[in-house]
Amino acid sequence: MKKIIALLLVLVLTLGCFAACKKGDSDKTVVTIVVAGQFGDRSFYDQSKLGGERLAKDFADQVEVKYIECNNEGWTMQMKNAADKSNIVICVGYEFEEIEKVAPDYPDVNFIWIDNATYEPIKNLLNITYAQNEGSFLAGYIAAAMSKTGTVGAVGGADDITINDFIVGYKQGAEYYDPSIKVEINYANSWDDPAKGKDCANVLHDRGADVIFQVASKAGDGVFEAAQEGGFYAIGVDSDQKYINDDVIICSMQKEVGKSIYDAVKKLLSGDKSQLGTTWVADMSNGYIGIGYGEAGAKQQIPDDIKAKVDELAAKIASGEIKVNTTR
Amino acid sequence: MNEFTWTNFAKIASSTLSQMLGTATPVALAALGGLMTEHAGIMNIGMDGMILMGAFVAAAVSYYLASAALGILAAMVFGIVIGLFFALFTVKLRSDEFIIGCALNTFAMGITAYLSRSLFGSDGIRGAAYLHNIHIPLIKDIPFLDNVISGHSLFVYLTWVLVILMWLFVYRTPTGFWIRASGESPETLRTAGKDPEKMKWVASILCGVFCGLAGAHLSLGKLNGTFVEGMSDSRGYIAFACVIFGAAHPGKVYLAALMFGFFSALGLQLQGIISSDLTEAIPYVITIIMMVYVVVSGQRRREHLAKQQLKKLELK
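The listed protein sequences correspond, in order, to chains A and B. Counted the way this note's numbering counts, the first sequence spans residues 18 to 345. Counted the way this note's numbering counts, the second sequence spans residues 11 to 326.
Simulated from the structure, these hints should not be mistaken for laboratory data. Note that this is a predicted model, so its numbers are computed, not measured. Honestly, I wouldn't trust all of these hints.
[Said to hold, decoys possible] Label-pair distances were calculated between CB atoms; the ranges are:
1. B/104 / A/70: 46 to 52 Å
2. A/20 / B/257: 51 to 57 Å
3. A/312 / B/142: 45 to 51 Å
4. B/283 / A/70: 42 to 48 Å
5. B/203 / A/94: 41 to 47 Å
Yeah, the Cβ is synthetic: ideal placement off N, Cα and C, and Gly gets one too.
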């Protein structure tokens, strides 16, 4: 008797699973945002979530937005899970290299890959990359202009191609302001260890850097703390991070991930599929990259004449007059 | 890189040594707890999870009650609970220590992420009350030492005291003796009329408390009241390695942690010259080399002893 009951229970549970697995409301477009890491970085991933929330709000009767966090593992599996149950899959993070193999297996699903591009165009996939080097150029310019010691620093999360794209732009921008400036770089080799980020920033500060640009996700929190304690300036990344600590964060290099996701999905929803199969570079000329100085009322450290110069440079970069180095 | 001058060198040396102390402290605190369980014969790889939970509890309580001291206290109390939990499975229910340790680490990742998000949103905790760095009056005026020793959080100095207390406890008190016996020879201890299981419970609880302290140091001492998911960043495993090659002796374990701290600090300094991927590996490579050294030298010593015993017998 016990066995039969047990079997029945197992059956109910399995069926329950299947019942839960159906493809959502059939009349709604299911958009799934798959992030490579975790939300809570107050920059890159959280930006994509904001984009998703905006979509869910503005197109409430058309779309259903879901989120998957990979916690830095099992990217391919999560991507497939998402593709099984949605109409549009947005993969946020350069780590989803396997998308090249996965996307052709799901011809009915539209994929958007954020922050990287496939080697060959795939007809149901839109790549969105960001010209972070252009924004970082401006960040570097500001850093050099604000530095009193003639040394500026940058803390990267890892020594890889995307992060170095920030770094080369930053370096070039700093040297554009003052060719004799020293740019000191450190990598935390971690995305979620603020203690390590703090150590990195302190090492740079000991070498004389008095403005430090963080490109290290949650580990970058430590850079802001080190700046607070050591009395130097920091520059935020990806989203406008000024709100975290407006005493030390003088500005942020903004990468409008959320806005680009919103705009790309909006286009798809309207039936315009011309972007699929291409790589779209969101850069300064189309307004997805820029410098943020915080919300109104935030404490400002950068004098207006530097801000004006930065706007001028931004226009030059957008028009192609200044060519910014890149690692891509 | 800067040109070489002695002032520069002194500056870099002092900042490296100062970072060594800062980096070593959370590892050392956890290792002090880990050596208790090691003596009691429990292989404890769950320390990483204990640190993470300690960090969360400390930051959360300190955030709500606006008191770093209460946060630390809460982390210690929570450490007791985790220690009890760990002992329940490993000692009372005799489950596999390795599995329970792994489970504890995974559980810690999940529960802290869940609680932190449901209570504080996806931002994690920020701006909780924290311990301010201490500038020691006399040392503050000595140029080189000031940078190295002064200006750390209270935990760095507390650890020095705890190392000594721990040594006294393990090697100079009856309870310490019983705990060691419960690991080395539980039957003998039982014959002597003491319950080895009880000793293991005590060791496990102490381990929880120390790991809680390590976590509290991470979120409230080293950082200014910040918690982010996964911030323990494998320090528990490093602590375990320190316990092993410090042979579970408090002083040696602390030295091992210092060595780890020194090489990670050195790695950060060397990044200008060597690729950061390599510098990141330095502490771990050194750990392996030390491990081999400890094992080999231990074997040599035993061989040497055995040979001397043989010689004595032959002489007779």
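Consistency of the hints with the structure:
no. : hint                      : in the structure
1   : B/104 / A/70: 46 to 52 Å  : holds (49 Å)
2   : A/20 / B/257: 51 to 57 Å  : holds (53 Å)
3   : A/312 / B/142: 45 to 51 Å : violated (29 Å)
4   : B/283 / A/70: 42 to 48 Å  : holds (45 Å)
5   : B/203 / A/94: 41 to 47 Å  : violated (56 Å)
Violated hints for the displayed structure, listed by number in ascending order: 3, 5.
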